[in-house]
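Could you build the full structure based on these sequences and the hints that come with them?
What follows is the residue order along each chain.
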Amino acid sequence: AQKITQTQPGMFVQEKEAVTLDCTYDTSDPSYGLFWYKQPSSGEMIFLIYQGSYDQQNATEGRYSLNFQKARKSANLVISASQLGDSAMYFCAMRGQFNAGNMLTFGGGTRLMVKP
Amino acid sequence: NAGVMQNPRHLVRRRGQEARLRCSPMKGHSHVYWYRQLPEEGLKFMVYLQKENIIDESGMPKERFSAEFPKEGPSILRIQQVVRGDSAAYFCASSLNTDTQYFGPGTRLTVL
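Those protein sequences? They're chains A and B, same order as listed. When the letters of the first sequence are read in order and numbered with this note's numbering, they come out as residues 1 to 116. When the letters of the second sequence are read in order and numbered with this note's numbering, they come out as residues 1 to 112.
Please note: incorrect hints may appear among the correct ones.
Per the computed footprint, the stretches of chain B lying under chain A, defined by three or more beta-carbons under 8 Å from a beta-carbon of chain A, are [unchecked claim]:
| # | region |
| --- | --- |
| 1 | 43-51 |
| 2 | 55-66 |
| 3 | 86-98 |
| 4 | 104-112 |
Since the hints were made in silico from the structure, they are not lab data. From a predicted model like this one, the values you see are computed outputs, not experimental measurements. Glycine is no exception: its CB is placed at the ideal position from the N, C-alpha and C atoms.
Given below as structure tokens:
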């Protein structure tokens, strides 16, 4: 079975500062993928970034980077230079390659609030 | 290139009625997934389909829920005899192969 844990229900960050959202995972799959999605108050799910378990480098997409520490089973999202529009729920998700088929397993989410 | 389309965006049903939720995947995508989100929770997997085939329905309730993805037309998630506990946001996602899943805007179902 796969499990994703996001231990921060809510986070505040000052505008223009960086923030790290925590995500730890558990899986028996030898190969897996890790994802982060953003859900603003309007409700849609927006794909942010992907990290493969065998990728040599940490993934980056603009202001988003993924701090992947395989031995610690963590995949934290780092948002640099926070903007007011970053205020949203953020979900970490995992997909196993073999044992769990193709479905995504989601964490409970972290609500990020950016202060002006 | 249009994203994943879902309709309706909001659906209100009375207890005992049927709910039909539609999902059109991104162009070229043949993999479709349905997820349910209860308030203040993460998404929970329901079913994974490819054209005309259900690949994994391990997250679907055993009764009243069904899904299809016909050769032509959108994927349909059907909930028969809805109950208040079915009130949730239902998200559809699609992928090209077994890679990144892109989500639609969701359908918010309210059961009165």
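Going through the hints against the structure:
1. 43-51: n = 4 at 8 Å, threshold three: holds.
2. 55-66: Since 4 is at least three, the answer is holds.
3. 86-98: holds (count 5)
4. 104-112: holds (count 4)
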